[in-house]
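**Q** Below are the chains, spelled out letter by letter.
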Amino acid sequence: MEYLSTNKIAIIDLATSKITDQEVDEDLVREKIGGVGITTALYEQYQSEDPIVLGTGLLTGTLAPASALGMITAKSPLTGKVCHAPLTLYAGLELKYSGFDYLVIKGSSKKPVYLWIHDGVADISDAKDVWGKDVWASTDTIRELMGDSLIQVLVIGKAGESESDFAQVCINYWASGDRWGFGKLFGRKKLKLVALRGMSLLEVLDAEGFVKQCKELLSTLKAGAFADKKGIEEIPAAIGEEDIQKWLAPLVHRHQSCFNTPFPTNTFVFLDEDPGLLKESEKDEPGFLITDVYGLLGFKKLGLSAADACALLRECARYGIDAVAVAELSQKAGKKKPDEIKKSFSGLKGTLENIGKGRFSPWSPPKPIFANFGGSQDAQWWERRQAVAYIFGIHPIFALMSPELSEEKLIELANLGTGLGFTSEILDKVIADISK
Amino acid sequence: MAFKNSSMSLISTRDHLPYPSPIGIYTGSGASHSWLWFVGILDRMGFYNVHFVDEKDILSNALEPLSVLLMSGGDTFAIAEGLGAEGSNKLRSFINRGGLYIGTCAGAYLPLKSSMDSLNQFNFINVKISNISRRLSEPERHSFQKAACNSYGCDFVFHVVREDVVLEMVNGFQADGKKEVIAPLYGGPSMLPSEDIEPIATYKGFTRKTKFLVKKELAEKTLIGNIAVAKKSMGKGHLYIFGPHFEHPYYPSCNLFLEEIIRKEQNGRPHYSKKDSSEDLQNRIKGKALRELLKDLKRELSNTRIMASGMSDFSVSWLIGNKYYEPEKISVFINTVWDKMKVLESMPYLEVNRTLLLQCVEISKEITKDVKIIKSEIKERGDATSLTSKLFLNLKTLSSHFFKLYFKVKRDQLQDQPLGE
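So the protein sequences, as listed, match chains V and S. Reading the first sequence from the start, the letters are residues 1 to 436 in the working numbering. Reading the second sequence from the start, the letters are residues 1001 to 1421 in the working numbering.
Heads up, some of the hints might be wrong.
Computed list of lysine-lysine pairs in DSSO-like fashion (alpha-carbon distance at most 27 Å, straight line) [as the list claims (entries may be wrong)]:
| id | chain 1 | residue 1 | chain 2 | residue 2 |
| --- | --- | --- | --- | --- |
| 1 | V | K283 | S | K1372 |
| 2 | V | K246 | V | K357 |
| 3 | S | K1342 | V | K110 |
| 4 | V | K429 | V | K8 |
| 5 | S | K1342 | V | K8 |
| 6 | V | K128 | S | K1342 |
| 7 | V | K8 | S | K1379 |
| 8 | V | K128 | S | K1379 |
| 9 | V | K18 | S | K1379 |
| 10 | S | K1342 | V | K190 |
| 11 | V | K111 | S | K1342 |
| 12 | V | K222 | V | K300 |
In short, the hints are calculated from the structure, not lab data.
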């Protein structure tokens, strides 16, 4: 596969420490396009070996607006179904530029290991320096070991190591959209983390046409319904949840976008410093980047102050546990004090009501945000919109804000980039296949 | 008929291939990173009979089989000291018997007449430079002392601009068919007219990309109208000296001019060499074992380039000898090797010298380790100097070993192609 691709898939067997590289078959791309179309196919190919498949969309890491998305495809310990979790911030981008479009991680290691994926090289290394450490310390350690602070880290904390049902694969220091317990799979495989970094280049067939189209699309998008809004705190009211803007406002320090995404879906709150501080803080990360609206809402519903809710989100991220599960199970158990809730992380058990019903992570709200897409916007609409985002590598929350980023436009970009002649019929078939 | 002819030539010349004459690139003491740019030019030209020589090689008669020696930028004093009187004699003999010497920047200063120790052994060209402090008035001297300069006894050599300068090709010379060309100047000489040289190009002006290190008037006074590129005949050979870096990869017209000089020299000296079979066949590696070793090298190169990628933000530079090195030069070495590594990887049938490749792997591991320490020291203390000399020496050794291996592969490929293709 020559265009918009690194043309490599790594098959990593943790049981034997053997790594083999495969080329990305152009026929597979013609048939499955990319993203979850291909991660699902790879999952099926290796399903007897309990694989975790990491992948990127066809447009991930390009100039296409919101092309930030990578994904984890695996069987969820919570639902027993093959599901997809989003990799946002810069993780999807870095996976693609690390020289592999897809990683298939199969088998289990006998001792804790981590993967270092860089410039088309995949290495399995002893995780003795990070096993037992929380998410933050692990990320710091691996970046120091490799000598680069831009390394993106998919990492589990103690929740994953102890194989908690609610263990989450975090991204660097922050919560991710893994609401499927994939952290437990990492822990079961004795896989502490996957570190990603690379400086590959992507070839684009019609570079000029592709760039022109991306610029036009971005210009249209910027005039869209989200134009005067920013931050995670804007989202709840837009999806019919309670308005949390005033509640969170005193802590808000800045907003942060994922790679090339026109709307910042993340909000950084200062917890240990004055949010209005102008000078550079002397503390490392004196707060928390909120990346999951439902975790935040869950703690608010427990009656916590914004500061307590955010501090608890931070503790969840360090422990590598899904804050939504923590909030729901705390509610059921009548736990409302932060210390009490934090103590419950270890050995947290219970049945969740608010669990994803489909293939895609309920981290993305179930309806349009700010924008009007026209027509019916039911669960089926949502599932298709998410599928499109996960196939092309578009930020799945931004996809719910941007009707301008239509299926036709994405197909057009994919064709400019690859010349493979994708059609809406092919897209329909890919979506049907992954929904089976 | 055509088939018959090509078959005939295939049989008759199989063991005596018409190689271009051997070309040497100096990588020894004082050479900085710009010799890597010559590698790119020769590779593009399809001149694969390339050899990397340091001062020890030159003293051991490594210039004898060469027809061209490319001496790029760096620290002129260190080059002169490294070669010494014996090296100077070897160089003089090389040119006298018909060799072509191409020197850019430091490589251009080296053969100029000088009274300084070490340099005074290379007085091949009787020409004076305009960018020396003795030509300045006292106020100018004071002002220039603040600009980039190198000590030169009681005087100093100073540099008035960096980046682009406009050159006028003179005496009928043209670059890429043009009489005016833009070239990058990074401290190279500005020469005064002399009967000992034939001017090829003079400094004509500046562009929007010119970075002035002194006031524009002083820069004009130092450069404009003076000689940027010159030629001198010596014995049966020639010296071409370039103030600006004509080998810089972003200046294709300049590259083309260099190519023409080298090609002209090569055409005049057809060189027939017996098929290159001197290497110990037992020491060759191929197949899976080779791929594994290449992956080991790739792993270390990647580790280094990732670590080095963020270092260009650090505002540090290290003085090694008389030359300042910035962190981004680490990436220049590593990325040049990296790019050619990808070419090797894409070759289906590959066989290389095992020892040399193993050495590359070992050196690259050492480089990764040192870059990590240096990066961490810069972060903690704001600077790191103790390891940098070793690091840049290792980067040079790694690159020259790797390109030795690379060009050998390219030569082998040519040998394996039937003639006439």
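**Q** Which of the numbered hints above does this structure break?
**A** 2, 3, 6, 7, 9, 10, 11, 12
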